[in-house]
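Participant: Okay, here's what each chain looks like letter by letter:
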Amino acid sequence: MVQLSSTLLYIAFVLYLIGTFFFGGTIRDKKGSGRTNRWATFGIIITIFGFIAQLGYFITRWIAAGHAPVSNLFEFTTFFGMMLVAAFIVIYFIYKTPVLGVFTLPVALLVIAYASMFPREITPLIPALQSDWLKIHVTTAAAGEAILAVSFAAGLIYLIRVVDQSTPSKRTFWLEFVLFCLITTLGFVGVSSAFAIADYEAKFQWIDKNGKKTEAIYELPALVGPHKGTLEKESKDRMQPLVEMPAIINAKKLNTVIWSLFGGAVLYFLLRLVLRKRVAAAIQPFMKNVNLDLTDEISYRAVAIGFPVFTLGALIFAMIWAQIAWTRFWGWDPKEVWALITWLFYAAFLHLRLSRGWHGEKSAWLAVIGFAIIMFNLVAVNLVIAGLHSYAGS
Amino acid sequence: MEQVKCECGHVNPFGTAFCEACGKPLEEAEKPLLDMRYEGSARRSQTYNKTVIDKIWNFFSSVKVGVWLIVITLIASAIGTIFPQKMYLPPNVTPAQYYEDEYGWAGKLYYELGFDNLYGSWWYMLLIALIGVSLVICSLDRVIPLYRALNNQGVTRHDAFLRRQRLFSATKIADDRLLETIKERLAKRRYHIREENGNILAEKGRFSRWGPYVNHIGLIIFLIGAMLRFVPGMYVDKVLWIREGETKEIPGTNGEYFLKNEKFTFETYQKGKENAVFNAAIDRVGSGMVAKTYETKAVLYKRVGPVIAGEEPKLKKIKEYKIRVNEPLKYDHYALYQVDFKLNELKSMSFALVDKQTSKSFGMITVDLLQPKEKYDLGNGYQVQLLSYFPDFYFDDDGNPNTRSKVPNNPAFVFKMFAPDKPKGEVSFVAIRQTIEPFGNNKYKMAFAGIDTRNVSALTVRRDFTLWVLGVGGTVFMIGLIQGMYWNHRRIWLKRTNGEVWLAAHTNKNWFGLKREIQAVIDGTGIRMPIDQAEIAKKVQGGDEHGTA
Chain A
43 MVQLSSTLLY IAFVLYLIGT FFFGGTIRDK KGSGRTNRWA TFGIIITIFG
93 FIAQLGYFIT RWIAAGHAPV SNLFEFTTFF GMMLVAAFIV IYFIYKTPVL
143 GVFTLPVALL VIAYASMFPR EITPLIPALQ SDWLKIHVTT AAAGEAILAV
193 SFAAGLIYLI RVVDQSTPSK RTFWLEFVLF CLITTLGFVG VSSAFAIADY
243 EAKFQWIDKN GKKTEAIYEL PALVGPHKGT LEKESKDRMQ PLVEMPAIIN
293 AKKLNTVIWS LFGGAVLYFL LRLVLRKRVA AAIQPFMKNV NLDLTDEISY
343 RAVAIGFPVF TLGALIFAMI WAQIAWTRFW GWDPKEVWAL ITWLFYAAFL
393 HLRLSRGWHG EKSAWLAVIG FAIIMFNLVA VNLVIAGLHS YAGS
Chain B
11 MEQVKCECGH VNPFGTAFCE ACGKPLEEAE KPLLDMRYEG SARRSQTYNK
61 TVIDKIWNFF SSVKVGVWLI VITLIASAIG TIFPQKMYLP PNVTPAQYYE
111 DEYGWAGKLY YELGFDNLYG SWWYMLLIAL IGVSLVICSL DRVIPLYRAL
161 NNQGVTRHDA FLRRQRLFSA TKIADDRLLE TIKERLAKRR YHIREENGNI
211 LAEKGRFSRW GPYVNHIGLI IFLIGAMLRF VPGMYVDKVL WIREGETKEI
261 PGTNGEYFLK NEKFTFETYQ KGKENAVFNA AIDRVGSGMV AKTYETKAVL
311 YKRVGPVIAG EEPKLKKIKE YKIRVNEPLK YDHYALYQVD FKLNELKSMS
361 FALVDKQTSK SFGMITVDLL QPKEKYDLGN GYQVQLLSYF PDFYFDDDGN
411 PNTRSKVPNN PAFVFKMFAP DKPKGEVSFV AIRQTIEPFG NNKYKMAFAG
461 IDTRNVSALT VRRDFTLWVL GVGGTVFMIG LIQGMYWNHR RIWLKRTNGE
511 VWLAAHTNKN WFGLKREIQA VIDGTGIRMP IDQAEIAKKV QGGDEHGTA
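Chains as they are written, first to last, in my numbering: chain A, 43 to 436; chain B, 11 to 559.
These are calculated hints, taken from the structure and not from any lab test. Model, not experiment: these values are computed from the prediction. Backbone N, C-alpha and C define an ideal beta-carbon position, used for all residues, glycine too. Treat each hint with caution, since some may be false.
To be verified - Listed next, the in silico DSS-like pairs over lysine-lysine satisfying Cα-Cα at most 27 Å (straight line):
id : chain 1 : residue 1 : chain 2 : residue 2
1  : A       : Lys177    : B       : Lys340
2  : A       : Lys251    : A       : Lys212
3  : A       : Lys138    : B       : Lys118
4  : B       : Lys307    : A       : Lys251
5  : A       : Lys138    : B       : Lys525
6  : B       : Lys198    : B       : Lys273
7  : B       : Lys273    : A       : Lys212
8  : A       : Lys254    : B       : Lys352
9  : B       : Lys525    : A       : Lys330
Said to hold, decoys possible - Cβ-Cβ distance ranges computed for the label pairs, FRET-style:
id : chain 1 : residue 1 : chain 2 : residue 2 : range
10 : B       : Gly296    : A       : Ile60     : 40 to 48 Å
11 : A       : Ser211    : B       : Glu122    : 47 to 55 Å
12 : B       : Lys332    : A       : Gln282    : 29 to 37 Å
13 : B       : Thr257    : A       : Ile411    : 52 to 60 Å
14 : A       : Ile60     : B       : Tyr98     : 43 to 51 Å
15 : B       : Ile66     : A       : Leu59     : 52 to 60 Å
16 : A       : Arg213    : B       : Ala184    : 36 to 44 Å
All chains, please: the whole structure from these sequences, using the hints.
Facilitator: Encoded structure:
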């Protein structure tokens with residue numbers, strides 16, 4: 043069952059990838075101009091099959107584990123990717139815009155690939171998670187975030203189409219920055235997979251901030267080493283760290299960040315070398331048939347649909363469960379606070395849009411920032427800040 | 011108060027931008043399109059700005075101010091997550107020291123700025139309160155005039171009103187029956203249709219306009235609920251540490267309820283005992299390293315009869331319950347939650363009175379570490395006296411034995427041993443792995459013979475009368491949000507003037523949906539599809555974004 047589950051996830055991943063190419067094909071179609079055509083039909087069918095495969099992954103894993111597979115970082119992030127695809131499929135049938143697929147599916151692919159870099163075993167539930175609210179709260183929250191992420195995809199399309207690439211400006215810089223971040227995720231996945239395939243492992247003895255001897259296992263060559271770290275016997279031939287970190291910094295995580303940035307930078311540099319212009323400038327010509335008003339509408343509609351779902355899942359259900367499990371409905375845990383921040387941000391977004399007429403480009407930038415906040419909550423809060431919610435991701 | 015009478019006869023409040031009934035613009039036109047946001051109604055904040063109250067009202071009624079408040083709260087909240095808040099620090103540390111030790115100068119600064127208790131700080135509370143004020147004033151400023159305007163709207167609209175709608179078309183038409191077809195189609199799409207002199211107003215989803223105000227009411231109820239927390243008696247938050255076998259009064263219940271801890275169980279996931287799919291995960295962290303269950307098998311009692319000082323309470327058993335994480339024991343608005351535990355706390359220690367030379371034992375004593383006896387008679391003239399007892403023993407600064415607490419973490423005893431041949435007794439100081447004989451060489455000793463332990467469970471006692479208020483607030487908020495977000499208010503006006511049919515339409519959002527609907531409704535009738543005048547305006551301006559929602 044576990045094997046079947048993994049295979050289904052793999053199939054889903056491949057189908058999303060193929061689906062992306064089909065949606066990509068719609069752009070080149072001159073007559074298409076955003077309307078449905080054969081490429082798009084194939085694209086959406088493949089995407090739906092991919093979604094069904096991933097649903098199969100989800101169900102079989104649920105049966106195997108005996109609990110909803112949303113209990114660790116891998117499972118949650120994968121589920122988020124699945125919901126992103128689901129949200130895209132729904133929005134696709136409302137607005138029939140293949141170009142949205144060209145952006146949403148790669149984001150979903152990145153999310154799933156990112157998830158796979160974390161321990162993938164089925165984990166037994168700790169007492170705090172043994173509740174029906176696990177599935178209720180986590181799935182609704184993920185669905186809400188996924189719908190909001192569609193808004194990001196639409197916003198990104200809008201920006202790529204509308205930002206003037208003829209001269210460098212703040213706008214071109216930040217747009218490139220957004221794309222660079224996406225590429226860095228790919229860099230992280232690439233570097234991590236490469237060393238995982240090579241079975242790289244370096245064990246360090248190091249002294250933590252309490253002066254205790256501790257062991258750290260690096261899965262990437264140590265560019266930055268832990269405090270007073272020495273390689274253990276079995277990893278004697280592994281690379282010596284270039285720099286040693288003080289004890290209060292988690293050197294292993296920093297090392298991963300540096301490698302990801304490095305991987306991302308190499309990819310980005312190669313892209314620039316091939317394209318000979320900004321990445322956004324290279325994509326822009328393909329976006330010229332995009333209907334700006336429609337894209338803006340989709341971006342806003344996704345927030346309008348996603349915001350109530352997010353509120354329900356990430357705040358209301360969260361509070362109910364927190365009251366049951368942690369004795370209080372609210373405790374200023376970092377994850378809670380960042381859910382509140384996300385909520386406040388989108389509340390501001392809606393007010394700016396409805397009352398102050400922030401449409402079009404301004405609204406698109408906001409959609410991008412909103413997604414950055416969601417990703418911060420998913421990545422940084424889990425791995426860096428860590429509170430009660432922190433999953434056992436390394 | 012001054013009022014404005016429109017040529018259609020309707021009397022509008024002072025400050026109205028266009029007539030509530032017929033829509034004739036009452037103020038000079040600046041933009042080609044009417045600002046339909048609040049139906050041109052006379053909002054207090056847009057009309058008066060003289061007194062201090064006006065100024066305060068206008069300040070808080072501004073969405074701009076509201077958004078700034080949200081953004082500031084957002085940034086402040088984020089700052090609070092940079093380092094852990096005071097409440098999440100490990101116990102027994104001084105915050106001032108901890109922040110500096112852990113995070114260096116940044117931690118020190120964080121602490122000095124008071125960010126260690128950011129969410130409980132006066133200024134954070136003030137921000138939330140200001141948001142609350144803004145919610146109330148923003149809503150009142152808009153909802154009352156909006157209600158008036160929508161309630162007073164007429165069917166026949168002024169030409170200028172229709173022409174200045176975002177969606178507008180005029181069609182020369184001969185056949186009047188077409189309008190019947192349109193009416194039927196609109197009705198089928200659940201439009202509410204009003205007719206007057208052959209003019210039509212089709213409207214649906216007006217209730218979605220109230221969504222924002224409903225959700226704001228929900229938020230205000232929620233904030234009031236959160237404030238009620240500080241009213242005495244609304245909220246009980248106590249911790250009860252209770253040992254296995256103990257029956258204790260539940261704190262916060264005024265002596266009304268008692269709890270007995272029959273057994274505390276702590277289980278971990280063990281390899282081999284669990285579903286095989288978990289093996290890989292268990293291997294990663296090690297067998298027995300992941301918690302599976304925290305459970306207190308408890309019995310709840312209620313006191314019967316009056317409270318008499320110094321007398322044992324009479325208890326009536328109410329119920330037995332296994333308290334686990336996620337499964338609190340609930341009774342009479344109280345809830346008991348499993349929150350902490352301590353395994354294997356020392357319960358009693360046993361010693362044998364032994365002749366040091368022959369190792370012969372003259373009997374055993376068992377000292378209850380919570381309620382030790384003063385004398386232990388072993389018969390045949392052998393007796394042990396407990397002169398001093400230090401449950402949590404350490405040597406203080408003066409070098410004297412002392413105790414840190416009443417919890418038997420590290421018990422130490424001063425025994426006086428009596429035997430037929432030692433009638434005056436011998437004194438011996440006994441601690442774990444340590445024996446001191448202060449007055450020279452003893453003949454007898456207290457030989458350690460074993461310990462008995464038990465588990466201690468920590469339960470949080472909670473009674474929270476604010477929860478239902480918060481629940482109501484949350485529910486109302488969700489209803490308002492869904493009402494406002496998942497429906498939209500669409501209106502289509504059809505007017506006959508000079509052999510033409512004028513069609514204008516407005517929606518508060520989702521213009522694409524409205525356009526598609528109009529397209530379907532007028533399909534085949536010969537009426538022209540309305541032009542999106544906002545889009546045209548945008549193209550003229552050169553692509554800059556403007557518009558109304």
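Participant: Which earlier hints can't be squared with this structure?
Facilitator: Checked against the structure, the hints that fail are numbers 2, 3, 4, 6, 7, 11, 12 and 16, while the rest are satisfied.
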